[in-house]
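Engineer: Using the sequences and the accompanying hints, generate a full structural model.
2 protein chains.
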Amino acid sequence: MEISFVYDIPTKVFFGNDVEALGEQVSCYGKKALLIYDGEHVKKSGLFDKILKQLEKNKIEMLEFRDIRPNPRHTDINKGAELCRARQIDVLIAVGGGSVIDSAKAIGSAYYYDGNCWDIISGKVPHCRCLPIIAVSTISATGSEMDNGAVITNEETKEKRVLAGQELYPVAAFMEPKLTYTVSKRQTACGVADIIAHVLEEYFTPHTGLTIVDSVMEGLIRTMLTYGPLAVEQPENYEARANMMWSAAWAINGFVSLDRSHNWSMHPLGHELSAYYDLTHGITLAIVMPRWLKYIKDDQSLPLFRKLGLYAFMLDPNLSSESMAIEVICQLENLFYQRLELPSSLRELNINDEHFEEMADKLCEDEGCLNGYRRLNKTDILTIYRQCL
Amino acid sequence: MEISFVYDIPTKVFFGNDVEALGEQVSCYGKKALLIYDGEHVKKSGLFDKILKQLEKNKIEMLEFRDIRPNPRHTDINKGAELCRARQIDVLIAVGGGSVIDSAKAIGSAYYYDGNCWDIISGKVPHCRCLPIIAVSTISATGSEMDNGAVITNEETKEKRVLAGQELYPVAAFMEPKLTYTVSKRQTACGVADIIAHVLEEYFTPHTGLTIVDSVMEGLIRTMLTYGPLAVEQPENYEARANMMWSAAWAINGFVSLDRSHNWSMHPLGHELSAYYDLTHGITLAIVMPRWLKYIKDDQSLPLFRKLGLYAFMLDPNLSSESMAIEVICQLENLFYQRLELPSSLRELNINDEHFEEMADKLCEDEGCLNGYRRLNKTDILTIYRQCL
Numbered sequence: 430m431e432i433s434f435v436y437d438i439p440t441k442v443f444f445g446n447d448v449e450a451l452g453e454q455v456s457c458y459g460k461k462a463l464l465i466y467d468g469e470h471v472k473k474s475g476l477f478d479k480i481l482k483q484l485e486k487n488k489i490e491m492l493e494f495r496d497i498r499p500n501p502r503h504t505d506i507n508k509g510a511e512l513c514r515a516r517q518i519d520v521l522i523a524v525g526g527g528s529v530i531d532s533a534k535a536i537g538s539a540y541y542y543d544g545n546c547w548d549i550i551s552g553k554v555p556h557c558r559c560l561p562i563i564a565v566s567t568i569s570a571t572g573s574e575m576d577n578g579a580v581i582t583n584e585e586t587k588e589k590r591v592l593a594g595q596e597l598y599p600v601a602a603f604m605e606p607k608l609t610y611t612v613s614k615r616q617t618a619c620g621v622a623d624i625i626a627h628v629l630e631e632y633f634t635p636h637t638g639l640t641i642v643d644s645v646m647e648g649l650i651r652t653m654l655t656y657g658p659l660a661v662e663q664p665e666n667y668e669a670r671a672n673m674m675w676s677a678a679w680a681i682n683g684f685v686s687l688d689r690s691h692n693w694s695m696h697p698l699g700h701e702l703s704a705y706y707d708l709t710h711g712i713t714l715a716i717v718m719p720r721w722l723k724y725i726k727d728d729q730s731l732p733l734f735r736k737l738g739l740y741a742f743m744l745d746p747n748l749s750s751e752s753m754a755i756e757v758i759c760q761l762e763n764l765f766y767q768r769l770e771l772p773s774s775l776r777e778l779n780i781n782d783e784h785f786e787e788m789a790d791k792l793c794e795d796e797g798c799l800n801g802y803r804r805l806n807k808t809d810i811l812t813i814y815r816q817c818l
Numbered sequence: 430m431e432i433s434f435v436y437d438i439p440t441k442v443f444f445g446n447d448v449e450a451l452g453e454q455v456s457c458y459g460k461k462a463l464l465i466y467d468g469e470h471v472k473k474s475g476l477f478d479k480i481l482k483q484l485e486k487n488k489i490e491m492l493e494f495r496d497i498r499p500n501p502r503h504t505d506i507n508k509g510a511e512l513c514r515a516r517q518i519d520v521l522i523a524v525g526g527g528s529v530i531d532s533a534k535a536i537g538s539a540y541y542y543d544g545n546c547w548d549i550i551s552g553k554v555p556h557c558r559c560l561p562i563i564a565v566s567t568i569s570a571t572g573s574e575m576d577n578g579a580v581i582t583n584e585e586t587k588e589k590r591v592l593a594g595q596e597l598y599p600v601a602a603f604m605e606p607k608l609t610y611t612v613s614k615r616q617t618a619c620g621v622a623d624i625i626a627h628v629l630e631e632y633f634t635p636h637t638g639l640t641i642v643d644s645v646m647e648g649l650i651r652t653m654l655t656y657g658p659l660a661v662e663q664p665e666n667y668e669a670r671a672n673m674m675w676s677a678a679w680a681i682n683g684f685v686s687l688d689r690s691h692n693w694s695m696h697p698l699g700h701e702l703s704a705y706y707d708l709t710h711g712i713t714l715a716i717v718m719p720r721w722l723k724y725i726k727d728d729q730s731l732p733l734f735r736k737l738g739l740y741a742f743m744l745d746p747n748l749s750s751e752s753m754a755i756e757v758i759c760q761l762e763n764l765f766y767q768r769l770e771l772p773s774s775l776r777e778l779n780i781n782d783e784h785f786e787e788m789a790d791k792l793c794e795d796e797g798c799l800n801g802y803r804r805l806n807k808t809d810i811l812t813i814y815r816q817c818l
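Chains A and B supply the protein sequences, listed in that same order. If you read the first sequence in this note's numbering, its first letter stands for residue 430, the second for the next number, and so on. If you read the second sequence in this note's numbering, its first letter stands for residue 430, the second for the next number, and so on.
What the hints contain is simulated information worked out from the structure, not anything from laboratory work. Among the hints, erroneous ones may be present.
Copies of the same chain look alike in the list, so a pair counts if it fits in one copy or across any two.
Here are the simulated lysine-lysine pairs, DSS-like style, with alpha carbons at most 30 angstroms apart [unchecked claim]:
id : residue 1 : residue 2
1  : Lys488    : Lys461
2  : Lys508    : Lys482
3  : Lys441    : Lys460
4  : Lys736    : Lys607
5  : Lys479    : Lys508
Fair warning: this is a prediction, and the values are worked out from it, not measured in the lab.
Structural biologist: This is the structure:
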């Protein structure tokens with residue numbers, strides 16, 4: 430099987446050293462910046478003042494945009510894009526986690542489209558340009574600070590869609606592990622689930638070829654098994670926070686998907702839950718993941734479970750592949766539901782099967798949505814959702 | 430220990446698909462290209478004609494430069510730079526392995542300096558600009574196609590020096606595994622030794638922090654242990670050639686050195702041998718590496734040997750660290766001298782200790798040269814060289 434890809438991850442990363450070089454980086458792209466952020470924590474932590482100082486020093490004019498909610502809405506994106514056009518913004522500074530950085534990507538794209546941004550997010554209208562984005566990551570989870578995608582929700586239609594394109598990679602990303610010391614236990618745990626989910630989506634796809642790509646994935650899982658719980662239990666453990674930060678970026682920046690299909694099958698199951706119940710992304714993934722893994726475990730995927738068991742979970746090579754797969758899933762369940770204290774079922778969140786049919790129909794409508802390791806049909810989706818109850 | 434680095438690997442890689450997008454890429458940087466290559470094999474294989482077609486299609490004017498020898502000489506670099514200035518070249522296309530691509534980097538830098546290029550290579554005169562380079566890799570070894578360094582020799586003074594800088598990263602690299610099918614068994618074996626050496630130089634350094642960087646290194650070694658011998662024994666094994674190609678790039682493009690010191694201590698020992706005896710880089714490394722590993726094995730490095738044994742060589746966790754270190758070195762010796770059939774000693778190459786004193790003095794003069802895992806003094810260097818006899 431021949432391998433063919435273009436490797437092009439253009440984001441320049443400033444790891445450590447706080448936001449020292451921010452002003453200089455912003456200057457490369459213009460003189461008028463929109464600062465996008467979502468909460469008081471950016472002000473309370475002193476980060477806001479540091480950024481302000483950087484911008485003043487480099488004579489950057491700055492406007493603020495704070496209309497960001499978790500699971501960002503397309504209506505807010507429209508507002509942001511309008512503001513950018515009205516005030517002739519040159520560059521976006523996104524300070525936060527996935528919601529903020531994803532919003533910046535959607536705003537930067539919508540800036541070049543003079544209509545409802547949902548047209549480009551839903552794929553009705555093509556897009557190929559985006560305002561330059563400089564990301565300051567304050568939570569290790571989605572990896573949006575170094576990837577080319579954004580997830581936006583349409584509240585009216587209860588749809589959650591992915592906007593993707595080479596132009597969406599931030600031009601620069603600031604990753605300072607200490608900025609994540611104040612991330613709550615729950616949010617940190619959700620980040621761990623998110624990072625592991627990004628890796629496993631790619632791992633369980635056919636036609637792999639470059640073992641070094643597999644090694645990176647196995648290394649990412651091993652890193653999260655070690656440092657994920659540590660970051661939750663010791664919020665100021667530098668090594669744990671640093672490892673989580675770098676892993677979040679590499680789980681999704683494009684490296685691990687180089688030699689394989691880009692279609693995912695676990696995330697859409699989670700996205701649909703978020704769209705209906707406004708749940709944190711990581712929580713939906715922690716609930717769905719073990720059920721999804723059990724469901725896709727078959728003769729085709731067993732060798733992958735074995736490899737994962739050997740190189741990421743360091744299991745005894747004498748175990749059978751079947752036992753290894755069971756042990757991998759069991760260890761993940763223990764990680765999520767015991768050590769990270771994440772909810773283990775939908776019932777715990779007072780969610781019943783009321784909307785399952787509707788959600789499954791929506792997922793089946795969206796053609797490209799469930800083309801991962803194996804195509805899940807409506808019955809499959811319903812079965813997995815029911816197992817999540 | 431805090432971690433601080435700037436991640437900026439700008440090379441865009443076209444993996445597979447031959448040189449399909451070459452013309453388009455060259456056009457991004459100008460209309461006049463210098464094609465640098467070193468041998469008939471580029472013409473015989475049909476690659477030259479394919480490149481020509483790409484350039485014609487995109488109306489690129491092309492000049493040829495073929496004065497490249499293995500262990501490239503600074504006198505040839507001067508010639509190349511002069512030609513570029515005289516003919517107002519916009520972009521360099523380097524087709525070959527390390528010698529060719531390194532030459533392009535030195536020529537592209539010397540282009541901006543109106544004197545003897547050795548001034549900038551030896552560090553006497555600073556440099557910060559380079560003509561854009563598009564690399565077409567025909568051998569998997571040095572990784573020059575995706576890194577920021579070039580090694581150039583001064584024949585008169587018998588010095589071999591490294592030119593390095595962010596501006597030396599090729600703007601684009603074409604990696605087509607099939608182009609390496611015709612690389613000889615010996616050259617392929619040398620490439621394996623080179624790739625492993627690049628990884629181990631970085632692995633055996635103190636103050637690591639990001640485990641995912643370690644995982645990449647362990648994955649690269651594991652990949653080379655599997656696919657290195659396979660590429661030698663089955664030259665047209667696509668999977669082996671593809672894995673070697675991607676590993677060569679990632680062993681040295683900067684990723685694995687992100688969180689550690691950049692100073693190397695094994696390569697200078699090899700470079701000095703090449704400078705005196707015009708030996709292939711990989712051969713010097715295969716001879717030096719096991720001796721160097723035995724020499725640096727001590728209480729400080731033992732935990733690293735253990736990690737390497739566990740995750741790259743998949744050794745039994747019940748082994749003591751000492752036994753694991755011995756087993757790692759033993760397996761490398763078997764790989765190089767048995768399976769890859771590389772020379773196991775200097776004596777085999779009719780080299781005696783005649784110049785050892787002189788070489789050791791040269792290495793000690795060059796301050797930054799031996800600051801790797803531990804500082805090697807003249808006695809250390811002489812001991813290692815004598816063990817190579």
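Engineer: All the hints need checking, so say for each whether the structure fits it.
Structural biologist: We went through each hint and held it up to the structure:
1. Lys488 <-> Lys461: within (9 angstroms within a copy, 39 angstroms between copies)
2. Lys508 <-> Lys482: Close inside one copy (27 angstroms), not across copies (49 angstroms); limit 30 angstroms.
3. Lys441 <-> Lys460: Classified as both; 20 angstroms inside a copy, 28 angstroms across copies.
4. Lys736 <-> Lys607: between (34 angstroms within a copy, 28 angstroms between copies)
5. Lys479 <-> Lys508: Classified as within: same-chain Cα gap 27 angstroms, cross-chain 50 angstroms, threshold 30 angstroms.
In summary, the structure agrees with every hint in the numbered list given earlier.
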